[in-house]
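There are 2 protein chains.
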Amino acid sequence: MKVIALAGGVGGAKLANGLAQLLQPEDFSVIVNTGDDFVYSGLFISPDLDTVSYTLAGINDPKNGWGIAGDTHTVLDSLKKIGHPVWFTLGDRDLATHIERTRLISSGLLLSEVTRILTKRLGVAHQIIPMTDQSVLTQVNTEKNGTLAFQEYFVKYQYQPVVTHITFSGIEDARLPETGVEKLEQADLVVFCPSNPFVSIDPILAVQGVREILHHKTVIAVSPLIGGKTIKGPAAKMMQELGYQPNSFTIANYYKDLIQGILIDSRDVEEEEAIRQCGIISLATDILIPDVIAQKRLAQEVIKFGKNLLLRNR
Amino acid sequence: MKVIALAGGVGGAKLANGLAQLLQPEDFSVIVNTGDDFVYSGLFISPDLDTVSYTLAGINDPKNGWGIAGDTHTVLDSLKKIGHPVWFTLGDRDLATHIERTRLISSGLLLSEVTRILTKRLGVAHQIIPMTDQSVLTQVNTEKNGTLAFQEYFVKYQYQPVVTHITFSGIEDARLPETGVEKLEQADLVVFCPSNPFVSIDPILAVQGVREILHHKTVIAVSPLIGGKTIKGPAAKMMQELGYQPNSFTIANYYKDLIQGILIDSRDVEEEEAIRQCGIISLATDILIPDVIAQKRLAQEVIKFGKNLLLRNR
Numbered sequence: 283m284k285v286i287a288l289a290g291g292v293g294g295a296k297l298a299n300g301l302a303q304l305l306q307p308e309d310f311s312v313i314v315n316t317g318d319d320f321v322y323s324g325l326f327i328s329p330d331l332d333t334v335s336y337t338l339a340g341i342n343d344p345k346n347g348w349g350i351a352g353d354t355h356t357v358l359d360s361l362k363k364i365g366h367p368v369w370f371t372l373g374d375r376d377l378a379t380h381i382e383r384t385r386l387i388s389s390g391l392l393l394s395e396v397t398r399i400l401t402k403r404l405g406v407a408h409q410i411i412p413m414t415d416q417s418v419l420t421q422v423n424t425e426k427n428g429t430l431a432f433q434e435y436f437v438k439y440q441y442q443p444v445v446t447h448i449t450f451s452g453i454e455d456a457r458l459p460e461t462g463v464e465k466l467e468q469a470d471l472v473v474f475c476p477s478n479p480f481v482s483i484d485p486i487l488a489v490q491g492v493r494e495i496l497h498h499k500t501v502i503a504v505s506p507l508i509g510g511k512t513i514k515g516p517a518a519k520m521m522q523e524l525g526y527q528p529n530s531f532t533i534a535n536y537y538k539d540l541i542q543g544i545l546i547d548s549r550d551v552e553e554e555e556a557i558r559q560c561g562i563i564s565l566a567t568d569i570l571i572p573d574v575i576a577q578k579r580l581a582q583e584v585i586k587f588g589k590n591l592l593l594r595n596r
Numbered sequence: 283m284k285v286i287a288l289a290g291g292v293g294g295a296k297l298a299n300g301l302a303q304l305l306q307p308e309d310f311s312v313i314v315n316t317g318d319d320f321v322y323s324g325l326f327i328s329p330d331l332d333t334v335s336y337t338l339a340g341i342n343d344p345k346n347g348w349g350i351a352g353d354t355h356t357v358l359d360s361l362k363k364i365g366h367p368v369w370f371t372l373g374d375r376d377l378a379t380h381i382e383r384t385r386l387i388s389s390g391l392l393l394s395e396v397t398r399i400l401t402k403r404l405g406v407a408h409q410i411i412p413m414t415d416q417s418v419l420t421q422v423n424t425e426k427n428g429t430l431a432f433q434e435y436f437v438k439y440q441y442q443p444v445v446t447h448i449t450f451s452g453i454e455d456a457r458l459p460e461t462g463v464e465k466l467e468q469a470d471l472v473v474f475c476p477s478n479p480f481v482s483i484d485p486i487l488a489v490q491g492v493r494e495i496l497h498h499k500t501v502i503a504v505s506p507l508i509g510g511k512t513i514k515g516p517a518a519k520m521m522q523e524l525g526y527q528p529n530s531f532t533i534a535n536y537y538k539d540l541i542q543g544i545l546i547d548s549r550d551v552e553e554e555e556a557i558r559q560c561g562i563i564s565l566a567t568d569i570l571i572p573d574v575i576a577q578k579r580l581a582q583e584v585i586k587f588g589k590n591l592l593l594r595n596r
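Chains as they are written, first to last, in my numbering: chain A, 283 to 596; chain B, 283 to 596.
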């Protein structure tokens, strides 16, 4: 069975890592959101690609959720000393990734090619594919702070501003990289990772042609919510601000024209009836995946659940 | 007496530092070559501005001649690990300067404004002025390796290729920053530091308007050669390749339409007669300035020599 995952940052990286533990590189790849990418002081930074790459390389910092475990902060300390307004943490090894990515991009390579080179050097066997080689900017439109680039909203403003709507600037010119099209078309099962639907999965779905391919596929989602709350990040807060109930039913309903199944947490078992009424099959299980063992266990359930749906769809 | 110096990298920075020890910030400033500036992996790097700034801030690495004393190399080590082709040494604190300069340039400030901010933060009281806010690229045209950007020639090729001629790409649009014009016009004495005439002083002289102002000024040079050799860098080698005798007479003769006086080394006293025949007054002294004490001593001689020439010119 060939599986492809759609993922954003930390939550998505965790499930992707579980799937990568179980499936061969030719049978599993990940398409990653790049709407959060930004250029900072000339450096091309791709937060979700880094999080997924570091996690699959086994060098991610499990405490922070981003960056590299045990990284030092020599340059950051120097920046502070010379009066640089530091609004995000920047590790030295992480900085090396940004410098090398920028060098490769400057040399004329596409982001998908650069990502392939960087992940290979990190020892990642599975393919990590950016959702597009074109520049797409996720913009969070807020009540009082105007339009913010996602990283600004997320890191600088600590996702406190109230969100009115989300836009993906540049999306009309964005195309899925060729390898992404191939892998997606070959896939038997597509998995929406437990990532933020509005700012992690939606940008990928908004890339031209992606929805069309997905309509012919068996697709399952893993809810990013447990008991109406997210483990990390602003998904639940955003849902409320955008007029949704923050629960797993809302997630299922939000994806209903694309998914056939959803994994939700056992604690949310009472939502199964409403989900069924949307025509979606649910599986309630333990979806909290703090460590690699849990990631692998959930990935096993995802694969088993997917296989059952595939048999059913035949 | 108001003094302004024209300087390139290490040698220029040393004499500028000596002069800064003796003269008040309102009486001394430096115009620095920016023809060696380059963008590397998105980062705006200005080698001579950094060398002069670090030297005047007292944090320069006296062993290497560039970079910051006691700097660490964490990011460089990480870059090597992920396969980045490292052809120049990059310290962590030095990298912070590049990141902060790039951030300020990206925010829309001019290089001269950025330099003012950065030097102020380093505690430098004297003004360090880039020769221009526009982009000028010193290109070293070589016999066998084609046209090289200066840093490529200097660092990557270790100045081994034979030079045929030097060009300053973009120079026709370059203007001296407003503060540079003011300081230069106010100056009683202009000092050409012991820098490479072809790639450090010439780019500054090639900026529109600079020669015109200098024609009305008392100008002295300090030879970058001792016994036909340079302390550091390719000046002597370049001179030979460009068809000049590598000695202090050549330096005097090269600048003869601009300077009235030159300081040469006592070891080159036999060149004084030929220099005099060019209509230039020479002073033979110890021009080797390895430490701050020597820098200050030579600066004292420069000022005294300049004062004598000024009295003479009245």
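By construction, these hints were calculated from the structure, which means they are not laboratory data.
Just to be clear, a hint being listed does not mean it is correct.
Identical chains share a label here; the pair holds if one copy fits it or two copies do between them.
Unchecked claim - Below, in silico cross-link-like pairs of lysine to aspartate or glutamate (DMTMM-like), each with a Cα-Cα straight-line distance of 25 Å or less:
#1 K362 x D539
#2 K284 x E583
#3 K402 x D359
#4 K362 x E395
Here the structure is a predicted model, which is why all the values come from computation and not from measurement.
Hints, one by one, checked against the model:
In this assembly of identical chains, K362 and D539 lie within 25 Å of each other by CA distance neither inside one copy nor across copies; the values are 49 Å within and 47 Å between. In this homomeric assembly, K284 and E583 come within 25 Å of each other (Cα to Cα) only inside a single copy, at 15 Å, whereas the closest approach across copies is 79 Å. Proximity of K402 and D359 under a CA criterion of 25 Å is satisfied inter-copy only: 18 Å between copies versus 30 Å inside one chain copy. For the homomeric pair K362 and E395, the shortest alpha-carbon distance between copies (20 Å) is at most 25 Å, but the shortest distance inside one copy (34 Å) is not.
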